[in-house]
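Chains P and Y, in that order, give the protein sequences. Just so we're aligned, residue 1 is where the first sequence starts under this note's numbering, counting upward by one. Just so we're aligned, residue 770 is where the second sequence starts under this note's numbering, counting upward by one.
In case anyone wonders, no lab produced these hints; they're calculated from the structure. The structure displayed is predicted, hence computed values, not measured ones. Positions of the beta carbon are idealized from the N, C-alpha and C atoms, including for glycine. Check the hints yourself; a few may be wrong.
[As the list claims (entries may be wrong)] From chain Y, some residues computed to sit far from chain P (all C-beta separations above 12 angstroms): (1) Val863; (2) Phe990; (3) Glu1053; (4) Gln1245.
[Unchecked claim] Quick list of simulated restraints, FRET-style, between CB atoms: (5) P:Asp186 - Y:Glu948: 34 to 44 angstroms; (6) Y:Asn1220 - P:Ala744: 24 to 34 angstroms; (7) Y:Thr1141 - P:Leu678: 22 to 32 angstroms.
[Stated by the list, open to error] A few chain Y residues that face chain P, going by a derived Cβ cut-off under 10 angstroms, partial list only: (8) Leu781; (9) Leu785; (10) Ile788; (11) Thr789; (12) Asp823; (13) Gln886; (14) Cys922; (15) Cys924; (16) Asp1154; (17) Phe1190; (18) Asn1193; (19) Phe1197.
Below, each chain spelled out in residue letters.
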Amino acid sequence: MQHKVYHESSELHVTGKAVYIDDINVPANTLHGYVVTSKTARGRLLGFDISEALKIPGVSSILSWKDIPGHNQMGAIAPDESVLVEDGIQFVGQALFLIAATTESAAIAASKLIQIDIEELEPVVTLADSMTKGWKLQETVVMKRGDAITTFNHCPHVLQNQLESGAQEHWYLETQVALAVPGEYDEIKVYSSTQHPAETQTLIAEVLGIGRHNVTIETRRLGGAFGGKETQANMVAIWSSLLATATRKPVKLRLFRDDDQKMTGKRHPFLSQFKVGFTNEGKILAYHVSFHANAGYSTDLSMAILARARTHAENAYYIPDILIESTAWKTNLPSNTAFRGFGAPQGIYVIEEAIEQIAQYLKKDAAEIRHLNFYNQPGQTTPYGEVVENNQLETIWKQLIQKSDYVRRKSEVDAFNKKNRYIKKGISLTPVKFGISFNTPFLNQAGALINIYTDGTVLVNHGGIEMGQGLYTKIRQIAASGLGINMEKVRVNATTTSTIPNTSATAASSGTDLNGMAVKNATDKLKSRIASFLRNHWQESCPNLAIEPDGLIFTNNTITCAQNPELSISFNEVVKLLYTNRISLSAKGFYSTPNLHFDKETQQGRPFYYYVFGMAVSEVELDLLTGRHIILRTDILHDTGNSINPNIDIGQIEGAFIQGVGWCTTEEIKWDAKGNMLNHSPDTYKIPGVRDIPLKFHVSLLENAPNPNTILQSKAVGEPPFIHALSVFFALKYAVSSVNNHAAYPVLNIPATNEKLVLAIENIYKDMK
Amino acid sequence: MNFERSYIEFLLGNRLERITWEKQQTLSPTTTVLQYLRGMDHYKGTKEGCAEGDCGACTVVIASVSGNGRLTYKAINSCLIFLPQLHGKQLITVEHLAQPKALHPVQKAMIELDASQCGFCTPGFVMSMFALYHTIQNPTDEDILEAFSGNLCRCTGYRSIIGAARKALSTHATDRFQELEQETIQTLQSIECNDSRFTNLHQTYYLPSNLASALNLKFTFPDIEINAGSSDIALRVTKKKEVLTSLLDLSGVKELKYITKTSQGFDIGSGTDLQSLKEELGEELPSLKKILSVFGSKQIRQVATLGGNLGSASPIGDLIPLLMAYQAKLVLKSLIQERTVAATEFIKGYRQTALIPGEIITNIHIPNPDTTLIIDVEKISKRTDLDISTVSVAMRLQLKTDRTIESIFLYYGGMAATVTFTKNTCTFLEGKKWEPETLKSAFEYLEKDVNPISDARAQAEGRMALAKNLLLKLWQNNPK
């Protein structure tokens, strides 16, 4: 893979020809699906009357819970979400009724005529309220090593604090959408903006009360997802399927932006308490952390998200005695869900705060404290007992300190701050160590199906979803390089449950790792068929030649015998020969990540196949009066193993970083006491814009770092670089702290909006008086 | 007044299109251009990301014949304009850019710089870049950032997109649109631009071609709502799903689009778009440029008008505090009278103005600021671009030679239902030295003057702290 490979859809993207679900040309009888939602956060649905609403011209069908043929319960893990409210209303935006109509305006007119009788109850909106009321979603989970509580008694220094990090809306550009097309008997085909077609299929089948073999999900591409379509796409797909089944017509249901923001889950807000014991040098001896996550109204993926928060609670640091507790709390909000990093950013944030606080306390540079505490001995294990293998922390540290010129710039920042009263700078280096694999071992599996046609063109099917991350591009590269043919001969098919069944979500950064290996498994099978055919074929003309499978070179659309390079045949020719010799040109591939285990009782095991490492240095300039700030420079050095596609990987790193910067700075969601979301449109919810990126932005990939035993020795890339944004947050905090020459540790949590920055500075001034 | 024409004509790419409302079932006069495009089989490249002008996925380019007889290309949010606003113009979408087997340079650069990931925002970025390609040769980075101020991308982190723009816009290859410019101009000029009216069962939409017709209409239908750029009123259609029953669109009234510089000051037609204002008066009125640079996005500034911003009387209305500081005057005209109202007297309450039935804002007069005057403005928002003020302030300051304050007027936006003049603070400051300590001692008066709100953007406490800091910021900007 010498030459640069562009995103396989890029030409379609720039010409507007890429087809997203809302762009599919639909039959003229397609109906408009509409969801009538609750305006009450908590209450009981006592009764309703849809008779007047049904009289609106153009309305085909209005469905309530009574019209659900199968189960009125769904949920990715626990079936605790009603498809349509039967009794208990649990958040503002929860679906009560579905309408199918010829136009949106008819549906809206009808929605206004539905009579609803609701008994309102006092909602629980905040984490604090939920904790006071004891609304635990499940029992607290504890992970530990040693005895942190006792060790604190012997630590020279102990610090503690309480922190919050806020909710984050995914803000995929394409809102949730599904197009359901009923077929013969119980068949239904659903084009869904899902990251998890197999689960969408399963849930539709359960709600419709039909076998899964009747339901086909097809997804060609998503307009962004970031975890927001891992479970949250299911409801929209189910609703459109219910309406399509009821009307026997195609139904398209696309959420309007504000409705999408109001109805779907966010990144979990966390409230965390920590206590850290350390030596005079800053070596951490003991750490106790309690994570409290605002789960929203249902289970969704909250327990898995907390599992990742726990397994990332120590980030890149070896901590001998550690106690990690995590609890998910129920509230009357939409169910919070997967979002790039999946609890790891929230967990890592807390240990990084602890480090910063240690540095401020000991009057040392936080980067030094970090370095001192890195995993740095072979055989060191994580709190859950996994050996940290192929550790790249020291290598990255050395290279990045040099590349970013950190030491000099740090002293310049300090000098600048001494001279300037209203403008302060900050600089911070933060690391990430990120475990790759679904925390739940059985999810780590994938399938593929490769068809070679008799003209030598190849169609690759796999179970992964393209959401912009370049999965299809990498799959195409993997298939082409596996078969030794030009990429132009390979097309990657839209992902369909009828072709690749029982897949896992494209999530946990694992899309290429899992599906790429399944594709390789299929190309290996095809190559071995070609090899055994050629062994016979060539031995007829050259009887003493031994052609082992490995004795063949597949390259440049040609298969050549390594032992005797004069023996070669074009790929097209061999394909035709296989066909006429009645040898299958189609192969299924399968992959399951080896050697993964985790004991939920002891919270010990080997949940991750490997770790991704990386570090970032960011420097910011903060205007103390307005809270305005610019990122002057960011340097990131990130480990992607032997990158399959460096351009795509750099794009992933940059994008994840900026998304993280949004979480750390401008993205803020508030709810009123009644459970109404206040920031429910891009008018008041602010993701980073073009002017918010670092003035100097350098991302490089760690060189010479092949990852053993993964597809083409690469590493997953999607989520880990999100963590690099913490460097911006802590640089800002350093700038704030410099107001008082770092005499006290500032009170500033995520997100650090202008308002929060200015208030943090105000508090410092107050303390100085 | 003869509103017989009931159709619009415009170029869709290079094809002349006519939409006649009497025959129309599916399109209404307030159908947005985005809804129109997405309703057709072959124009799905233009995307809906938010339907409120906040993401730019729906960006298209509108070319029109400008005063110098050339085509001007503007990237705008197709979700924020109604079909009649296309009359006499060329609508260019992402589908029109590539020639068979030849991508447009901006498209090519986007591919080569890896500037698309999920691709959903990409057509919008491509169109913003395309407009810039036809607007500024060798644009600076600032020009590029401004062109993208209304486009959001959630995947890439923007560096690659900026890189693509630098690459594409450093080339000067003549594209198909430049080759066809004369032909396009001829077609557009052949389209008749007389008074027109579009009606369906529920709606009447007037598109007068001159001021007399507009005033006549407003006199006949005093309560008719005015569309003066539509970036605000369109939200009632796209977000509140309202059916606007009667509208008076001023976009065809050329008499309202002008900027005249006189010895007394600047006379600005109410139909002047905010981008023109920024570009043409930026030198003379730097504070106006400063606030307009962070007003909405370039896409929005190119459709939003000065009259529209004032007439909508939004509680934030990022321009209003500054116009008050300039002591701007509004000319309000009806068929029977013309009167002048000070900007400070114009806003009467939340979305309420001094306009009486039958009147429209025709022009705004900004007096030439005395060179001894200090006029300044500051705006704080969560994000730099395309974000409404959390708090803003405009100041008119007259200093004596000894640096004492002769007079000061401070107008705060974002603090309450309307712009707030901080009377106690200003009275206190008069006669005092212009220095940070004095301003700090004015904080207690500021607390009396403003009673900030808590909302989605900020809490009252934060707003108060920011409001105080802005006083110091104004000093910092003008220490001497």
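Okay, the hints, checked on the actual structure:
1. Val863: violated, 4 angstroms
2. Phe990: holds, 25 angstroms
3. Glu1053: holds, 25 angstroms
4. Gln1245: Violated: least Cβ distance 6 angstroms, not greater than 12 angstroms.
5. P:Asp186 - Y:Glu948: 34 to 44 angstroms: Violated, since P:Asp186 and Y:Glu948 (Cβ atoms, about 57 angstroms apart) do not stay within the stated range.
6. Y:Asn1220 - P:Ala744: 24 to 34 angstroms: holds, 31 angstroms
7. Y:Thr1141 - P:Leu678: 22 to 32 angstroms: Violated, at about 44 angstroms.
8. Leu781: Given a least distance of 14 angstroms, the restraint on Y:Leu781 is violated.
9. Leu785: violated, 22 angstroms
10. Ile788: Violated, because the Cβ-Cβ distance from Y:Ile788 to chain P comes to roughly 19 angstroms (cut-off 10 angstroms).
11. Thr789: violated, 21 angstroms
12. Asp823: Holds, about 4 angstroms.
13. Gln886: holds, 4 angstroms
14. Cys922: holds, 8 angstroms
15. Cys924: For Y:Cys924, the interface hint holds, since the closest Cβ of chain P sits about 5 angstroms away, which is under 10 angstroms.
16. Asp1154: holds, 5 angstroms
17. Phe1190: Status violated, d = 22 angstroms.
18. Asn1193: This hint is violated: Y:Asn1193 lies away from chain P, its Cβ roughly 22 angstroms from the closest one there, beyond 10 angstroms.
19. Phe1197: violated, 20 angstroms
Checked against the numbered hints given earlier, the structure breaks hints 1, 4, 5, 7, 8, 9, 10, 11, 17, 18, 19 and satisfies all the rest.
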